[in-house]
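Chains as they are written, first to last, in my numbering: chain A, 1 to 90; chain B, 91 to 382.
Just so you know, the hints here were simulated from the structure itself, not pulled from any lab data. Possibly wrong hints are sitting among the right ones.
[To be verified] Each computed DSSO-like pair below joins lysine-lysine, with the alpha-carbon atoms no more than 30 Å apart:
| # | chain 1 | residue 1 | chain 2 | residue 2 |
| --- | --- | --- | --- | --- |
| 1 | B | Lys341 | B | Lys153 |
| 2 | B | Lys341 | B | Lys260 |
| 3 | B | Lys293 | B | Lys260 |
| 4 | B | Lys153 | A | Lys2 |
| 5 | B | Lys246 | B | Lys164 |
| 6 | A | Lys2 | B | Lys341 |
[What the hints assert, rightly or not] If you only want the chain B side, here are some residues facing chain A, beta carbon under 10 Å, derived:
| # | residue |
| --- | --- |
| 7 | Gly323 |
| 8 | Ala326 |
| 9 | Ile331 |
| 10 | Asp340 |
| 11 | Val355 |
All C-beta atoms, glycine included, are put in the ideal place defined by N, C-alpha and C.
Chain residues, written in single-letter form:
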Amino acid sequence: MKQNEGFVLREVCGEYVIVGEGLNTIDFGKLLSFNETAAWLWEEAGRQGDFTVDSLTEALCREYDVTAEVAHADVADIIDRWQQSGIITI
Amino acid sequence: MLNTNVYQVAGHRFAVTAEDGLLQKMDQQYGPFLVKDDNTDGLVFWLEMVENEDFPSVEGVTKELMQDEDAGIKILTGSMGQQSYYEFWLRDRCEGRMLTDADRKKALLVDPNQTLFALNNAIMLMFAMATARLDTALFHSSVVEHQGRAYMFLGKSGTGKSTHSQLWIKYIPETQLVNDDNPVVRVNGDGTATVYGSPWSGKTPCYRNVSYPIGGIVKLRQAPENRIRRLRGVEAYVEMIPNISGERRDKTQADGIHATENALVMNVPIWFLDCLPDEEAARLCYETISKK
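Work out the full structure: start from the sequences and follow the hints.
Structure, rendered in structure tokens:
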């Protein structure tokens, strides 16, 4: 999976939001807020470039004190939301 | 004869080199912003008008649509090596072409019809790009001033920004128009924000070289009834995004616009007004936001 070009994570007043900053994202007027974990995962996905549920789960377990099972469920859930919002391509 | 004029908008200086005739034509809009000393130090950009035959040949550029706002205005853009290339279209006609150097400090513009359409759009684009990193943002907004404070009305084209300004001017005493389309906002060192008039004001000739502290920013939406609520945090941020010019695909510019916008969200009251084009809308808005 890959992040779609032009979607940038911004911190606004201590909250995180995804903003469309590319040519193809002009009509992205949605408000897509992230919590801290989702924000960290978005940046990690960006670092990995080509990522999977497993690669993000692994990274999440290294960074946070969380069981693989819980991490896997959280990551799958978050990726599902990203896909529905059109900010990643499977 | 070619001549160069230096202008200052919102404290930022830029220069335009063009034929005398064209510079005179610019005078109604740009005259109030003309700097008398002609000092070209510290310019944020320099735009030079050239003839078609003096414009470099543009080859192998893939053009993409950057902006498609209202009234059939389109800006196409592409890269030519380190340089950036732009075309300004009005309806189905290309009215001007611009090529900038790598750091976008210098630009060449061809405006064969000399209608000021391409020139205005080119200068606005250069201004927005050059000042994005300088705590400055070019807004799409209609602005009024009341008792020393400015109130900015935002919204999609056709929402009634100008109409709402006119309602304030009609029904709220001591209110006047600052700019009707493209004011400039600067965030100051202490976090406060100032809005400036500019040479660009849409269809309304209101080219005032004035500035006021911002008392509030209001996003408008047409509705069957009048209602106002405060926006905070990311909601305020997201509502403002479409009303700020600039090329966000360029990371340093995007970072600059973000910093300016974030400072506004933290320091200026921002509101959402559902409204009718009537007196009650202006009074509700005024009574709510001028108390803050």
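We went through each hint and held it up to the structure:
For the hint pairing Lys341 of chain B with Lys153 of chain B, the CA-to-CA distance comes to about 19 Å; that is within 30 Å, so the pair holds. Between Lys341 of chain B and Lys260 of chain B the alpha-carbon distance is near 43 Å, which puts this suggested pair outside the 30 Å criterion. The suggested pairing of Lys293 of chain B with Lys260 of chain B holds, with an alpha-carbon distance near 19 Å, which does not exceed 30 Å. The hinted pair formed by Lys153 of chain B and Lys2 of chain A meets the criterion: a straight-line CA distance of about 25 Å does not exceed 30 Å.
Of the pairs offered as hints, the one joining Lys246 of chain B and Lys164 of chain B holds, with about 16 Å between alpha carbons and a cut-off of 30 Å not exceeded. Of the pairs offered as hints, the one joining Lys2 of chain A and Lys341 of chain B holds, with about 19 Å between alpha carbons and a cut-off of 30 Å not exceeded. Given hint, Gly323 of chain B at the interface with chain A, holds; its Cβ is 5 Å from that chain's nearest Cβ, closer than 10 Å. The interface hint given for Ala326 of chain B is met, as the beta carbon of that residue sits about 8 Å from the closest beta carbon of chain A, less than 10 Å.
Checking Ile331 of chain B against chain A by beta carbon gives a least distance of about 7 Å; that is within 10 Å, so the hint holds. A distance limit of 10 Å between C-beta atoms decides the matter here; for Asp340 of chain B the minimum to chain A is near 9 Å, and the interface restraint holds. For Val355 of chain B, the interface hint holds, the least distance from its beta-carbon to any beta-carbon of chain A being 6 Å, beneath 10 Å.
Violated hint for the displayed structure: number 2, the only one.
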